[in-house]
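Novice: Below, each chain spelled out in residue letters.
2 protein chains.
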Amino acid sequence: MTDPLVIFTPSGKRGRFPVGTPVLTAARQLGVDLDSVCGGRGICSKCQVSPGYGSFPKHGVTVERDALSEWNSVEERYKSKRGMKEGRRLGCQATVQKDVVIDVPAESQVHKQVVRKEATARTIAMDPATRLYFVEVEEPDMHEPSGDMERLVKALESQWNTGPVTASLPVLRKLQPTLRKGNWQVTVALHQPHEEQPATLVDLWPGLYEQGLYGLAIDLGSTTIAAHLCDLSDGRILGSAGIMNPQIRFGEDLMSRVSYVMMNPGGDTEMTDAVRAAINDLAVEIASQSAVDPRAVVETVIVCNPVMHHLLLGIDPVELGQAPFALATSSALNLEAKDLDLHSLNPAAKAYILPCIAGHVGADCAAVALSEEPGKQPELTLIVDVGTNAELLLGDTRRVLACSSPTGPAFEGAQISSGQRAAPGAIEKITIDPATKEPRFRVIGCDLWSDEPGFHEATKGTGITGICGSGIIEAVAEMRMAGLVDPSGLIGSAEQCGTERMIPEGRTHAYVIHDATAEGGPKITVTQGDIRAIQLAKSALYAGARLLMDEFGADRVERMVLAGAFGAHISPKHAMVLGMIPDAPLSHVRSAGNAAGTGARIALLNRASRREIEATVGKITKVETAIAPRFQEHFVNANALPHATDPFPELAQIVTLPEVSFNTNGDGADGGRRRRRRG
Amino acid sequence: MTDPLVIFTPSGKRGRFPVGTPVLTAARQLGVDLDSVCGGRGICSKCQVSPGYGSFPKHGVTVERDALSEWNSVEERYKSKRGMKEGRRLGCQATVQKDVVIDVPAESQVHKQVVRKEATARTIAMDPATRLYFVEVEEPDMHEPSGDMERLVKALESQWNTGPVTASLPVLRKLQPTLRKGNWQVTVALHQPHEEQPATLVDLWPGLYEQGLYGLAIDLGSTTIAAHLCDLSDGRILGSAGIMNPQIRFGEDLMSRVSYVMMNPGGDTEMTDAVRAAINDLAVEIASQSAVDPRAVVETVIVCNPVMHHLLLGIDPVELGQAPFALATSSALNLEAKDLDLHSLNPAAKAYILPCIAGHVGADCAAVALSEEPGKQPELTLIVDVGTNAELLLGDTRRVLACSSPTGPAFEGAQISSGQRAAPGAIEKITIDPATKEPRFRVIGCDLWSDEPGFHEATKGTGITGICGSGIIEAVAEMRMAGLVDPSGLIGSAEQCGTERMIPEGRTHAYVIHDATAEGGPKITVTQGDIRAIQLAKSALYAGARLLMDEFGADRVERMVLAGAFGAHISPKHAMVLGMIPDAPLSHVRSAGNAAGTGARIALLNRASRREIEATVGKITKVETAIAPRFQEHFVNANALPHATDPFPELAQIVTLPEVSFNTNGDGADGGRRRRRRG
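In order, the protein sequences belong to chains A and B.
Here this note's numbering runs 1434 ahead of the position in the first sequence, where the first position is 1.
Here this note's numbering runs 1434 ahead of the position in the second sequence, where the first position is 1.
Chain A on its own, in the form it takes in the complex (with noise of 0.2 Å):
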């Protein structure tokens, strides 16, 4: 027999271990990031784990419920005293009996994720469609009997020019008692998604309400979901706050959730079931932080790729999954917040879903059109929304086309043998001297690069512990620009590139960037299978924008705007050296931060801009790339750093790329080629 297997999620860390073994021990072996205060005592809870059970397709086990040991009296003590949620176990209590997949929730982990989508401060016209409106009533006279509810539209109409309203029962439930508790005073919220429309009447309170109304702009990524908190008079953004997607735990790639709902019939209800909760926990702690109560929370707006908003809404993604990759439905969507199951939002909080433009290319593309206004730049521009896919929209004010391209993870980190999620310890800036080919870098959480005095002190706290996927994409680059790989992306060795950082790897070549295991930390190195896995997915980036451009009928492009969590970290010089994106002048390349989660904002404190991106949406041409001829091509031929096939004259004048050859005995040089999995 032998030992079961363990394996953790998000990081896919995995391994065997003895029948007993505590679920804590298992962990640290392995390097999972879990936290612990106490010792293993049953006391911090900071171990808090969630097994999972079923099949898992992906790791290609089945876990049965008695996989870890039974609850036992110090968990149940703790979780009597100072609650646990359902499905919980303590990491240091529970342990291993037979194979068993357990996801570490983000609030376990040592290093929490650093969600790097924070709102970028952008001028937006206020024209909420949730407002507050204080009127005195008409008492009822009985002998001119009409209902409260009558009386107070005819109020709000003679004071406020309000036109019709409505209101749920629920809402209808509270009007007796609020009217006469205020002295027939009282403020109500009124939603109107556009000034055509009747209103709705949202909430009520006695007298003058004085507490505002908040609306919450939500960017749910196939990773991270993250929510600006925005007071919905003045569009300040009150808190900000990012977890993880708990859909990870079903697969890391979109791709792999849609084949979990296949395998597993009621997988899709599963997995809506967890992102609604886990942006309810969002709206709860974002709404703590910043002392809002969440009932006060009247609007949400959601922008979100396909799958995630079929997931979202409860339908089987299952179409989005193989050609023709179809919709149940594309147009922007106004619910109630609790047909989503967002009870911790006022209960009659409206929920507005931004359109979706294809197949691919969903509602946070939208919201980045919404952000960016492609269609109104007199130069040919393209924006590039870089998170688990790459969304591309081309234009200008003549058209403007969209599409999607499959890049995979390897961006974010992820598939990256050192590779790790954007959060502190991880090298996230890197240069490397051409002449003693020796790196110095920067990681997330300290302002000093790694030879200036101080940073060994600096970093103790949360150690080095990686790379990010900005990190890795100058570590590629500076390679290539320091003679370290070449044209084709192999690595040198130590005698082809006369440095001992050169290390055999397999194989092939590894580099590496810091070695701290004499101190039992980690090695960080960028070895021959990273290169190949950016070369991957910078080919499928560059393919998509060159089709687009063909598309367009152009062979260059004015002007670049890179978004996403990853594009606001990018350096646009190392991108081009890659080859990730078309040539263009340096200066114009910007960095437009998160835009998706801007398009939300926008959405949600401006109701006209809702109409203005619905109609906009409708006239952007989709490009599928799956199915071009064109793209196959150009994302070959995409595969040199930089191409084959284009020139790059702009960075010509910036950069040297020196002409070496590594490629003697062919291996790996046509690793590039195989094609992916869209993801």
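Heads up, some of the hints might be wrong.
Any copy will do: because identical chains look the same in the list, a pair fits if it lies in one copy or spans two.
[Said to hold, decoys possible] Taking lysine-lysine pairs in the BS3-like style, the calculated list, with each CA pair at most 30 Å apart, reads:
hint	residue 1	residue 2
1	Lys2056	Lys1480
2	Lys1513	Lys2053
3	Lys1492	Lys1863
4	Lys1772	Lys1588
5	Lys1772	Lys1608
6	Lys2056	Lys1810
Hints were generated in silico from the structure; no laboratory data involved.
Fit chain B to the known structure of chain A by using the hints.
Specialist: Relative to the frame of chain A, chain B by itself:
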């Protein structure tokens, strides 16, 4: 220690029984109508009862959880084999332990209620709000990406000209599999309350759906709930059924229910839950009788009085119990049936509730106005709808007035010594020979008069059990015409009347209609108290009619319509002898049957009629009886049989009322002056 008190509802019968007495035994000893076929062996389940727990201020008892013996193995076996509703007990198994209130559900009564609200045949122009459309939808094309919903809407628009269509998430969820199953042919049910509003996608089926769509017209009365199941394609009534309103256990009349809420916080929720559950049960029953899948019921229209309206909607009705009788809302309501917990219908079924006219004049009266159209009559028309309350409409093409009169339940046979609801065995028609003073009568369920051959045989099954509402009116009027009662309402003695059928009853007398005590049956009499109750009720009704006539400036009406369960069975001549209704040529008095139910059907089958009645209700002038000094005056003056102050010339042409006076000692003569609480 006294024995526990056992109170049965809805009959109100009560008695004390030793601890350990089976509920079935107690019911039999009290003459409570509780079925049993198997003789108490726990097999037939006919004797199911619903014990109530908590405080019953109306009955002056508090029922503890252990008021009955514990659930036993016989009940458990029955429940597990055949199922039994939550809270039910078997009357043959449960024994009395403490004071208890026990409801006998309609289905456990031998004499099941015959709800007399049968649908009146009537031609209604078909224009239902929900219709079926068969369409062929374009298949998705990844070069022209659009959602399946958007292509469906496009197909509907081009093939049926339907305009914008929205869908709720549960319906959207079905869209993709249904379209594919039907090979892009689909039948959809669209709900469009009127042409200018966007349609809602209610349901859809692959290919051609041929099972039809159905609607329920519900007349929700204080005492009974009646419904008609209609085919929405041709208006045919497929089935009708009625059940008792389960709220009766919280109070027989509306004001006792309002009081129940005042005394029992949360009592409104109990009543809301009870009535919604009853409507669900009724829907399932009627659908099953008609062999219709309840899921094919996509619409319901509900009419009811204001207190029932609020209790159905889940709104605390407390404001309706006190001046100025303010409704929470008076407008018509377009709801989702699921908002009313009507989960037995189609999940996306709609519910339309007609507008209320005033705090005492409800949606049921609006439905009568829709059915009888007083505002379209060239002649001044009085419409009287008598349920537990009486609603009156008076008008012609110039204007329409409405009011409500607190008649109380006497006209329905309640609060009458031998009274009972309209059910088999109840005396419904009676004549008294003016010479012999001998009665002859007919009972419900038998077409023969009591003096015809075969009557005894024909009524063996039901027995002769009491007098229903129409019966008591005829009995009192006939007693007046036969000289057994004087104009003040006093009953004569055997000596004064010359018949041994007059028997002493306390300090007054009673008239024996039927005496089966020799065979162990009942003695059915009309007592002085009964005459007083009828005098109070008829005075209230008449005073309401007179008040409207005063307001209109009319001293007589040209046309009269008697509506409602009661109106349909009442003899206009007898009503006029009583002075219940103003004087009018008998040929101008018409019975309209269940006009409220007819109004509900019209609104169900013709959406334009909804807008019509909404506009009409806004133009009806409401007259409040509770505060009109003239109402009090009319009420007092209307006490005599017929009235002392108003001449009845039309009546004089067909009936000569004997000049008798039994008022020798003044006893009871002022009984009619007591003003009762509104009900």
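Novice: Let me make sure I understand: some of the numbered hints might not hold for this structure. Which ones are they, in numerical order?
Specialist: 1, 2, 3
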